[in-house]
Amino acid sequence: MSGNPAPLIDPAAAGLSPDTPSSLDKEGAATAPPSAIATVLHDPGAVIGLVIIAFYALVALFAPLIEPYSTVEATCGVFQPPSAAHWLGCDDGGIDMLSLVIRGSRISMLVGLSASLIAIGIGTVVGVAAGYFGGWVDMVLMRITDYLIVIPQMVLMIVVAAVWGPSLTHVVIVIGVLMWTSPARLIRAQVKGLRGRVFVRRAEALGASHVSIIRRHILPQLGPLLAANAVLAVTLAIFNETALAFLGLSDSTAITWGTILEHAFNRAAASAGAWWAVVPAGLAVGGIVMGCYMLGRAIEDSLNPRLRISYLSLRHWQMRTPPHRPEAAPRRGREA
Amino acid sequence: MGGALFGAAYLVKRIGFAVVTVAVATVLNFLLFRVLPGSAVTRISRVPNASAELKHALEVEFGLDQPLTIQFWRYLVQLAHGNLGVSYSNRLPVTDNLIEAFANTLPMVATGTVLAILIGSALGVVAAARRGGWFDHLSTNIAVLLYAFPTQFLGVMILIAFAGVLPSAGMADPFRMDDSLWGTVTDVGLHMIMPVATLTLTLFAENTLIVRSAMLETLGEDYILTARAKGVPRRRIIVSHALRNAMLPVITMTALSLSSIVSGSILVEVIFSWPGIGRMLYEAVLQRDYPMLQGGFLAITIAVTACNLIADLTYFRLDPRVTA
Chain A
21 MSGNPAPLID PAAAGLSPDT PSSLDKEGAA TAPPSAIATV LHDPGAVIGL
71 VIIAFYALVA LFAPLIEPYS TVEATCGVFQ PPSAAHWLGC DDGGIDMLSL
121 VIRGSRISML VGLSASLIAI GIGTVVGVAA GYFGGWVDMV LMRITDYLIV
171 IPQMVLMIVV AAVWGPSLTH VVIVIGVLMW TSPARLIRAQ VKGLRGRVFV
221 RRAEALGASH VSIIRRHILP QLGPLLAANA VLAVTLAIFN ETALAFLGLS
271 DSTAITWGTI LEHAFNRAAA SAGAWWAVVP AGLAVGGIVM GCYMLGRAIE
321 DSLNPRLRIS YLSLRHWQMR TPPHRPEAAP RRGREA
Chain B
2 MGGALFGAAY LVKRIGFAVV TVAVATVLNF LLFRVLPGSA VTRISRVPNA
52 SAELKHALEV EFGLDQPLTI QFWRYLVQLA HGNLGVSYSN RLPVTDNLIE
102 AFANTLPMVA TGTVLAILIG SALGVVAAAR RGGWFDHLST NIAVLLYAFP
152 TQFLGVMILI AFAGVLPSAG MADPFRMDDS LWGTVTDVGL HMIMPVATLT
202 LTLFAENTLI VRSAMLETLG EDYILTARAK GVPRRRIIVS HALRNAMLPV
252 ITMTALSLSS IVSGSILVEV IFSWPGIGRM LYEAVLQRDY PMLQGGFLAI
302 TIAVTACNLI ADLTYFRLDP RVTA
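Each protein sequence line maps, in turn, to chains A and B.
With the working numbering applied, the first sequence covers 21 to 356.
With the working numbering applied, the second sequence covers 2 to 325.
Okay, chain A solo, but in the shape it has when bound:
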């Protein structure tokens, strides 16, 4: 199961980040430091996230085989409540909800994945260029990023999608092209740090070209960060897709979780009390977002070991009261 989405964080394998504590502790030179993947998989959240993502990927892949009913022909009554035959009830056109949600996973996840790849792609190019070259390149690119971050993205997406007309391709492009800003910033910060590191300067002094330094020394180190960002970007992209679809800016004939919610709302599922027209698609989105979030968070946490320290954590730093005077609070004691 968990073997399936492995390529997602594969680049991480190459770039074991030298800053994680694992490579710094005592075992040190004796055993090879655990790879980034191993560190991440240590986190139960990451494993749960991977399992959820793998489950969704399998469902999307085998959708036509799993769907109990047709997704185009009516097989039951309008807004028929859940029953033994139709586990999740039916939508406004008498189409089986379970089949719709299963089929919807295909396009929804495809949109999420491709938009996030576009965003991460642009973000990486901008971030690496700004962080690596510094100077005016950095200044120009970061100004553009700053302005785009401030401009409310959803509104810009609505405007662009409205001007271009509703279509899935437009939705993917709009989401992808407008979402690259925060990855770009994070990547730039990381690259800036790497740029000053000894091994990069040494490679430069030995006469390596910029392209080869970026390719061989910078990009592999970015692996975990890129993976975390890509996974979190998928959740945002799926969110934005459902929002744009809800506002009628996606292709309303395509079956996605967004259009399922839109149809339910527009055809008065709420006043019919037909919660089953809303819940399945909403839960489907919630599930995949949760999975991606847990995985992305785990990768991010493994990048930031400082979060593991807390001087106020409940488990440590509990002072013992001296046995002979249990009522005395020793932390109140002051010297001199």
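Think of the hints as simulated: they come from the structure by calculation, not from any bench.
Quick caveat, the model's predicted, so the values are computed rather than measured.
Heads up, some of the hints might be wrong.
20 Å max Cα-Cα, derived SDA-like pairs, lysine to any residue [unchecked claim]:
hint, chain 1, residue 1, chain 2, residue 2
1, B, K14, A, D158
2, A, K212, A, S232
3, B, K14, B, I311
4, B, K14, A, L168
5, B, K14, A, R163
6, B, K14, A, L161
7, B, K14, A, K212
8, B, K14, B, T315
9, B, K14, A, M162
10, B, K14, A, T165
11, B, K14, A, D166
12, B, K14, B, A24
13, B, K14, A, W156
14, B, K14, A, I169
Put chain B on the given structure of chain A with help from the hints.
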């Protein structure tokens, strides 16, 4: 002295940034609607079965026969006069529509955002202070769970659950008899409950998680250890040592999450037919009301930029070390 000088430079920088952002949005606004392939204006003159004369007349009326630079200049001049055009759908000036819509949006969105910040911060602080305990797990998981659901899903679910109990559409009851101030306030307040609840639910989760990790980060600082060693009581460490410093990222993140506040409120307004700026945008999309769309985009961008500037200035007030 020196500090004041840096402060002035910082202020000028931030205000300059805000001005340029608005300028960028203004240019984008022009480009989006006139230059991009398939842009709005090329569609206006593309009337089915139109004769060449009609087409030409339309182009002249909308100034499309002029070169782009002249069009841009005209657009700027109109903008400088506060003229954003006339709405296609209700034939009123876009500016008037926008002012009314903003006045309706503001109370609802402000209440929701403030509630989300308060609830989110409180939960985040307690979760961080009791890290690893049951409360931490519970509140973090609930936050992640709520964060995972789309706004429109939560909204429609609330709508289904409470439609019979609370008013579910619009901002006021059109058949209300009681015209007193109190009557109006309670009526609008009742109408606000569901939209505000939805907005709060979608926004507070993010705040919880941000405050929690900001607190955890602060609790790992050496001065916390020092305070602990000095014997400062736990509550005091949390409130006056950790929280004060952890609130700084919260301000930044609230400013950065303005984007999600805007998108959340658009969806909420659509679901509960709240007559605000978000719903106006939605209707403009449905009716291809381009002047409204254009004006709405510009107005929201200016509002968001202004809020950002306020956040920057607050941040500066709280932490005068910032010069970036």
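Quick rundown of the hints versus the structure:
Restraint check for K14 of chain B and D158 of chain A: the C-alpha separation of about 18 Å stays at or below 20 Å, so the hint holds. This hinted pair checks out: K212 of chain A and S232 of chain A have alpha carbons roughly 17 Å apart, not beyond 20 Å. A distance of roughly 13 Å separates the Cα atoms of K14 of chain B and I311 of chain B; the hinted pair therefore holds under the 20 Å criterion. Proposed proximity of K14 of chain B and L168 of chain A is supported: the alpha carbons are some 17 Å apart, at most 20 Å.
With a C-alpha separation of about 13 Å, the suggested pairing of K14 of chain B with R163 of chain A holds against the 20 Å cut-off. Pair hint K14 of chain B plus L161 of chain A holds up; C-alpha atoms about 18 Å apart against a cutoff of 20 Å. For the given pair, K14 of chain B sits about 23 Å from K212 of chain A by alpha-carbon distance, which is inconsistent with the 20 Å threshold. With a C-alpha separation of about 15 Å, the suggested pair K14 of chain B and T315 of chain B falls inside the 20 Å cut-off, and the hint holds.
This hinted pair checks out: K14 of chain B and M162 of chain A have alpha carbons roughly 15 Å apart, not beyond 20 Å. Under the criterion of a C-alpha separation no larger than 20 Å, the hint pairing K14 of chain B with T165 of chain A is consistent with the structure, at around 16 Å. Restraint check for K14 of chain B and D166 of chain A: the C-alpha separation of about 13 Å stays at or below 20 Å, so the hint holds. The suggested pairing of K14 of chain B with A24 of chain B holds, with an alpha-carbon distance near 15 Å, which does not exceed 20 Å.
Of the pairs offered as hints, the one joining K14 of chain B and W156 of chain A holds, with about 18 Å between alpha carbons and a cut-off of 20 Å not exceeded. In summary, the hint linking K14 of chain B to I169 of chain A is supported, as the alpha carbons are separated by about 17 Å, within the 20 Å threshold.
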